[in-house]
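Number of protein chains: 2
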Amino acid sequence: MSQPFILHGAIRSSAAWRVRIVLHLKGLAFEERFLDLNRGEHQRMEYRKVNPQMLVPALVAPDGTLVTQSMAIMEYLDETAPGPRVLPADAAGRARVRSLSQMVACDIHPINNLRVRNHVLDLMAHDSGAQSAWMDKWLSAGLDALEARLAEDRETGAFCHGKSPTMADACLVPQLNNARATNRELSDWPNILRIAASCEKLAAFAETSPAKLQGRESGR
Amino acid sequence: MSQPFILHGAIRSSAAWRVRIVLHLKGLAFEERFLDLNRGEHQRMEYRKVNPQMLVPALVAPDGTLVTQSMAIMEYLDETAPGPRVLPADAAGRARVRSLSQMVACDIHPINNLRVRNHVLDLMAHDSGAQSAWMDKWLSAGLDALEARLAEDRETGAFCHGKSPTMADACLVPQLNNARATNRELSDWPNILRIAASCEKLAAFAETSPAKLQGRESGR
Chain A
1 MSQPFILHGA
11 IRSSAAWRVR
21 IVLHLKGLAF
31 EERFLDLNRG
41 EHQRMEYRKV
51 NPQMLVPALV
61 APDGTLVTQS
71 MAIMEYLDET
81 APGPRVLPAD
91 AAGRARVRSL
101 SQMVACDIHP
111 INNLRVRNHV
121 LDLMAHDSGA
131 QSAWMDKWLS
141 AGLDALEARL
151 AEDRETGAFC
161 HGKSPTMADA
171 CLVPQLNNAR
181 ATNRELSDWP
191 NILRIAASCE
201 KLAAFAETSP
211 AKLQGRESGR
Chain B
1 MSQPFILHGA
11 IRSSAAWRVR
21 IVLHLKGLAF
31 EERFLDLNRG
41 EHQRMEYRKV
51 NPQMLVPALV
61 APDGTLVTQS
71 MAIMEYLDET
81 APGPRVLPAD
91 AAGRARVRSL
101 SQMVACDIHP
111 INNLRVRNHV
121 LDLMAHDSGA
131 QSAWMDKWLS
141 AGLDALEARL
151 AEDRETGAFC
161 HGKSPTMADA
171 CLVPQLNNAR
181 ATNRELSDWP
191 NILRIAASCE
201 KLAAFAETSP
211 AKLQGRESGR
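Residue numbers (this note's numbering), protein chains in the order written: chain A, 1 to 220; chain B, 1 to 220.
Everything labelled a hint here was simulated from the structure, so no lab data went into it. Note that beta-carbon positions come from the ideal geometry of N, C-alpha and C, so glycine has one too. Be aware that a few hints might be false.
Interface residues of chain B toward chain A, partial, derived using beta-carbon atoms under 8 Å [claimed, not checked]: (1) H24; (2) V67; (3) T68; (4) A72; (5) Y76; (6) T80; (7) A89; (8) A92; (9) C106; (10) A148.
Based on the provided sequences and hints, a complete structural model is requested.
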């Protein structure tokens, strides 16, 4: 049996979850090292030796190649590992899937992730209502744009792009999971909910979710 | 002569500049339609018909294919158009270039772009000092991480990756240009400055810069 991939991730990191989904969809053996970001485990010397950037996710391939940044990791897996492709075969399709992925990974997630969220809380004198309003604003703008596009494009199917899951679904489902955690009304996004339901029937999404992995941080 | 690419962009959008650089590097004929984002030209019905997302950049290929999101556009051009490649030939190299690109396009730019910057100004009761501090915080964190990585990786050359410009350089130079506009001391980032100097000797970077294009917004 070949060596597994090693994923340095975190249970509640939606970017790490994207990569878990793609590893699972492709049926690749992997071990995940769960860092507890709230305890600063990603900033300890032990992890710095693995990834000097001290960020998750980071993937170590069986040949020792280190890849960082979730979208670069998913592309790398699609180019080098066996299993179903998470990017379409045609250039226009790949462009669409990358664009949908980036609508989540560039336009929503970075503005609402842990470090920015915490900084907004500091700036707003620990007013948690202001923090929630911040998060809702960017989440809503981003998911509204994604919903409009999924509704309009003829390439939208049971999944973001056609009949099988792609990188775009691996970006969407973890972001929607964060939206659910806010108690916000989600019914403005029927296409997103329909696609998420298709995804959640698959083990690659269900078995890799934070809810399933709770309590597995390292050092516990 | 074949039809040109049409780029819907904006002079001061660093994401649109990334795409201009890649079009120019590849020697592709293109026309740019400059929208004035401050006047809300991207939200008018006329542009909505082109791109229902009302965002720039958006590229229309000679065959009519519309591609949005700057990284998806650069990948699409690299896959479909002639000219020098902006992604390396090997999978590990492509992963590194994508990762460096995303360190700018996901970890810096979205937190400091026009809509977030304006919203921070509103939240902070129009305290422009607080807005500058916000921008400096994320810019510094992002460029510090990028500098460390460029300093450590043996693949770093005259450009971010080896001896010729890639998508990573097309992301870096526009972001550094924004940093210059802040009057911040840049000497903490010697590798970034060295690489930017290599880039700025090339017409693809120099001729496409906001400084060169000033005053060319549509409707003026």
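Outcome of the hint check:
1. H24: violated, 20 Å
2. V67: holds, 5 Å
3. T68: Hint holds; T68 of chain B Cβ to chain A Cβ min 5 Å, cut 8 Å.
4. A72: Holds, because the Cβ-Cβ distance from A72 of chain B to chain A comes to roughly 4 Å (cut-off 8 Å).
5. Y76: Interface hint status for Y76 of chain B: holds (4 Å vs cutoff 8 Å).
6. T80: The hint holds - T80 of chain B has a Cβ within 8 Å of chain A, the shortest such distance being about 5 Å.
7. A89: violated, 12 Å
8. A92: holds, 5 Å
9. C106: holds, 5 Å
10. A148: holds, 6 Å
Consistency note: the structure conflicts with the earlier hints numbered 1, 7.
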